[in-house]
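> Fit chain B to the known structure of chain A by using the hints.
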Amino acid sequence: MWDWLIAPLQYEFMVKALLVSGFVGVVCGVLSCYMTLKGWALMGDAVAHAVTPGVVLAYVLNLPLAVGAFVFGVGSVWLMGWIQKQTRIREDAVMGVVFTGLFALGLVLISKTPSNVDFLHILFGNVLGIPTWEMVQTLVMGGLTLGVLLVFKNDLLLFCFDPTHARSIGINITGLHYLLLTLLSLTIVVALQTVGIVLVVAMLITPGATAYLLTDRFDRMLILAVLSGLGASGLGTYLSYYLDAATGGCIVLVQTLLFFLAMVGAPKYGLFRGGRRSG
Amino acid sequence: MRQPPSIALENVTVTYHDQVALHGINLALPPGTIVGLVGMNGSGKSTLFKTIMGFITPKTGRVWIEGLPIHQAQKQGWVAYIPQSEQVDWQFPVSVQDVVMMGRYGYINWLRIPRPIDRRMVEMSLRQVDMLPLKNRQIGELSGGQKKRAFLARALAQQAHILLLDEPFNGVDMKTEREIIQLLMQLRDAGHTILVSSHDLSGISTFCDQIIFINQTILAYGATQEVFTPENLNRTFGVPLPGIIP
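Chain order of the listed sequences is A and B. Last residue of the first sequence: 280 (the numbering used here), numbering continuous. Last residue of the second sequence: 521 (the numbering used here), numbering continuous.
This is chain A alone, in the form it adopts within the complex:
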């Protein structure tokens, strides 16, 4: 067992990969609690896909990838809101149209952009080959996101639970809405290297959903989500090393497995305890 754990650490790329994916697991774990409670799962998926053209354009224009992702992340949400106001189409359909449209634009741009970067890495992640400067960028952006999430922890919780009350005591809920959206866009950029756009939504939802099955206190939910995000990242990275399989896929598979374990064995809300959340 010890050898199993130590052997991969002699390679620098594995140390980097574990560090980055573990850190991403922590950041995504925290954010996933808010995504789960706010009911933003589809929103997370939509924004993750919608940032693709932004990332490609930022690369072409030699800007930080985060800038492109942020502009397209927030822009896509604004576009969805605008279409919904102008038409009679419901929100889920509007999201479907906008995010697939932007994702398609991203794919076209990828296919027409000559580059020495393999854009497939954006789609599926490539944490094993992450260059040092990108690792630093990921750690800095992730640290920033984590810091802001923790500072606004309680305000964001109130925003998810009862925005009407928040507004009635003078808290700027439009500001919080865009703050959460900005953090979502940033986290997507942070997680791109690890799991890629296609699977990032799992990182943004599954740890929170798993923790939600295990507790009915928010602070414990945060801790459990972080632990499951971190654990899945670590175990998934090791598995990908030993199985010689895609790292992002392995991480998300471990997360999914943890979710099903929680679903079956959760003390209060698991399948075999007969516990049900009362409405």
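Read the hints as simulated data drawn from the structure, not as lab findings. One or more of the hints may lead you astray.
In the SDA-like style, the derived pairs of lysine to any residue whose C-alpha atoms are separated by at most 20 Å in a straight line are [claimed, not checked]:
#, chain 1, residue 1, chain 2, residue 2
1, B, Lys350, A, Asn173
2, A, Lys154, B, Gln372
3, A, Lys154, B, Asp393
4, A, Lys154, B, Thr290
5, A, Lys86, B, Thr290
6, A, Lys269, B, Phe367
Below, chain B without anything else, positioned relative to chain A:
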């Protein structure tokens, strides 16, 4: 000095996309009263609540809360909204105490780390509504009446003078309804102004000091025994409602 009205609306008109939702609203609700807000669906009850909370800026007219413009009163936390049961996610991972603490957020610094005084206020508010022993319960584990009391405790922790209750009796049994009414009367006697919207016409006339009949505008407003008449019910609902008048 004469006390200003708790809630005063002067010639308020509200429109949504050029559709008039409320017009010519003039009201002055005295402190320490329970006022019932009665009207059909779509008559502007929710719009009136939102206007009093400062969520909607009237097209014309002004709103005063205890003599202050609405946004100043909002910053003071004077108006509390107690949501309908259906608007709350009861599975949310928060305890009764967490919810009541949310009433203190307007007073706590931006990190929202509670001070000893905030904890004391939360305890006092919980004790006032007889919920202290249940403070660590997850909110979904409460009965209908306890849920309502938890949110009233939040309004007390907020030190709100004005409580807006949206359909508080939806989905609660008769016994719970009586308990809630009892509590509202205690809060009224402690000086709170309480505005209650309800479909339960026969119930509302038994505990409200005043009634507002609304249909885009005020059809009638005054002491319950004066305005709760078959004529006003007929004007408000468009059909005679026999058997409602107690």
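> Now tell me if each hint is right for this structure.
Results for each hint:
Under the criterion of a C-alpha separation no larger than 20 Å, the hint pairing B/Lys350 with A/Asn173 is consistent with the structure, at around 11 Å. Annotation: proposed proximity of A/Lys154 to B/Gln372 holds, straight-line Cα distance about 17 Å (limit 20 Å). With a C-alpha separation of about 18 Å, the suggested pairing of A/Lys154 with B/Asp393 holds against the 20 Å cut-off. Between A/Lys154 and B/Thr290 the alpha-carbon distance is near 36 Å, which puts this suggested pair outside the 20 Å criterion.
Of the pairs offered as hints, the one joining A/Lys86 and B/Thr290 holds, with about 17 Å between alpha carbons and a cut-off of 20 Å not exceeded. Taking the CA atoms of A/Lys269 and B/Phe367, the gap is near 15 Å; set against the 20 Å cutoff, the hint holds.
Violated hints amount to a single one, hint 4; each of the other numbered hints is respected by the structure.
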